[in-house]
Amino acid sequence: MPVSLANSRVVYEALKKCGIGLVSALPETWLVHLIRMAEDDPQMILVRLAKEEEGVGISAGAHFAGVKSAMLMQNHGFLASINGIVSFAQLYRIPLLMIISYRGHFGERDPWQTQGGSATEPLLRALGIPYTFLDDPAKVEKRIAEAQTWAYASLHPAALLLTRELMWEEA
Amino acid sequence: MMQRLECLRSVYDRLGNCLVVTIMGAVASELQSLGHRPNFFYLQHAMGLASSTGLGLALCLPQQKVVVFDGDGSVLMNLGGFSTLARYRPKNLVHVVFDNESLLSVGGFPTATSTGSDLEGVARASGVPHVKTVRSAEDFVQGFDESIQAGDLSCLVAKVEAVGPKGYVTDLALLENRFQFKRYIEMLKGK
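Sequences listed follow chains R and F, in order. Numbered by the numbering used here, the letters in the first sequence go through residues 1 to 171 in order. Numbered by the numbering used here, the letters in the second sequence go through residues 1001 to 1191 in order.
Next up, chain F with everything else stripped away, as it sits in the complex (with noise of 0.2 Å):
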């Protein structure tokens, strides 16, 4: 079974151009260890609202490409949110969900895709148009290259295994995240 930080180090260096939104927790950590960069916003809380960051940067930057990175169980707090993203539709918009059936930041909990609630099928029948879940390395870089160039909203489902880094605290301050990835943004308009 492929490992989440194995994916998203599989897809680091195509995120040079993208906005990027993470949940809290391994995910924000993972990438963090990879390396910070400028366009990376970490949602250390909300759950449940990296998809909507993302749906509120797509629509008011539509030439912008935004990528978020969520998770199993923030995404069964919002689960509405699918919907939303599916009304608006924005074609910039790729929302990866790393499923490893467990909330692995609180002792590793199973989540209700543990027990069969399919993701992928949610995201569907909320009316995202392109959805896929993958299983292997291979299968994530190829699904998140066609979702890249799909040029509409796409999710990708990506089943990973329950292993995460030792800690999640990382020495970047929520506030310096915050207020460099806005300056970015300026930056990118000024352009």
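Just chain R, same shape as in the assembly (with noise of 0.2 Å):
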């Protein structure tokens, strides 16, 4: 699978890196390498969920904790999140990190994903929701760390998103 095992460390290390110790996850293929991370890693609790949106509230919840965490989700997942992010996210005022894998963008092929593709930016803008994209391994600690100060500054979500040119090695 052409998926890049070193970015996804990379990726994984930055989260490490950053404290964090929960993340919530549901498999999509640019993610299952940092899934598989966090599934050998003692440390982190990883929550597989039915649906992103049950991410939220895990979220929500260890940030009362005291724990910090990130949700890893296709785009596809962040638009099934929309109502938990805004009605609780945004309401509440928690510090959700959201690392998308902004799939359906330029390069794609499988036709099913082009139209979240297009509907993703557009959707974060309107929410209100800052975003930047990890696309570059040197730059990814900097980028997820610079993220999350500010989702913890100003108490709510902020979005990555994982490009094609991280994640993909075409074979």
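Hints are computed from structural coordinates only; laboratory data are not their basis. It is possible that some hints are incorrect.
Now the stretches of chain F that chain R is said to cover, found in silico as 3 or more residues with beta-carbon under 8 Å [what the hints assert, rightly or not]:
1) 1048 to 1056
2) 1082 to 1094
3) 1168 to 1178
4) 1182 to 1188
Incomplete in silico selection of chain F near chain R, CB under 10 Å [stated by the list, open to error]:
5) V1011
6) L1015
7) L1019
8) V1021
9) F1041
10) Q1044
11) H1045
12) L1059
13) C1060
14) Q1064
15) L1076
16) N1078
17) L1079
Small disclaimer: the values here were computed from a predicted structure and weren't measured. Where a beta carbon is used, it is the ideal one built from N, C-alpha and C, also for glycine.
Take each chain as given, in its own frame, and dock them per the hints.
Right, dumping it as structure tokens:
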């Protein structure tokens, strides 16, 4: 599978450096290595979800408990979580850190991903959720740390879009 | 038939050492009418996510009892949540579902439990290890105590009358509740 193991490792190590103690996740192709790393890490609480919106509640509970968390999801998982993001994370000022695989953008071969790809950034903007891209392994650690710092300073969700450039290695 | 307020009143004194998460609407305002405490968090929207919040708390604070007061309308919006709860099976989580077969706060429209959908059955089939349905105040208290003492994930479905308070807005601001709840947990952890 041409999902980059090396860059998944870079992302995972960056999450660890930020003190993330819980990740919620729903499997998607680009996230497989990341989820396995969380699974193999005895220090990490991994919560596999039925639907991504549950992750908003779980992250809020973790925040109240003093545990830093991240949601790992596909952009369609972000779409499926929007009510929870608005009516919990934004309403109650939860510093949600969302790591979203940005499927369906340029280079996407799967027809079923393309509509979600076009909707992702406009929706993040409409919700007033700041985001940036994880596209260069050299900048991953800094960008994740900065997004988390902002999320905690503002008590607001922040998003990082995992790009094809970072996650996919052409076979 | 029993009323939700009666159920809440009958276990109120047992909630002192628990972290309590409720759904919006009647459950939140009735619990507040009995007396707000800093260990109570009322999720005044995001229907379906009270149990997920309880799961996050229970997994991160395994020594702390967590009680979720949920409702049929909310649970029906996140049936998959039962399977996630059962998968992680936190031993410190009690999930109470008040089932009045109705979306009371929006005018009492009947939910699918009014036509036979059985939340006890859904919870059980999802793998929740201890599930019980109760219909009287005595059985509710007994079921609640058993759930607290079970030392395992449990779900108590309480069939209640579709009645509630006149209004739902209380004088506790949402953010005040949220920050107070988090501070309370910090204080617990500092002990």
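Going through the hints against the structure:
no.	hint	in the structure
1	1048 to 1056	holds (count 9)
2	1082 to 1094	holds (count 4)
3	1168 to 1178	holds (count 3)
4	1182 to 1188	holds (count 3)
5	V1011	violated (21 Å)
6	L1015	violated (16 Å)
7	L1019	holds (8 Å)
8	V1021	holds (8 Å)
9	F1041	holds (7 Å)
10	Q1044	holds (8 Å)
11	H1045	holds (4 Å)
12	L1059	holds (5 Å)
13	C1060	holds (4 Å)
14	Q1064	holds (8 Å)
15	L1076	violated (14 Å)
16	N1078	holds (7 Å)
17	L1079	holds (8 Å)
The structure fails hints 5, 6, 15 (numbered hints given earlier, in ascending order).
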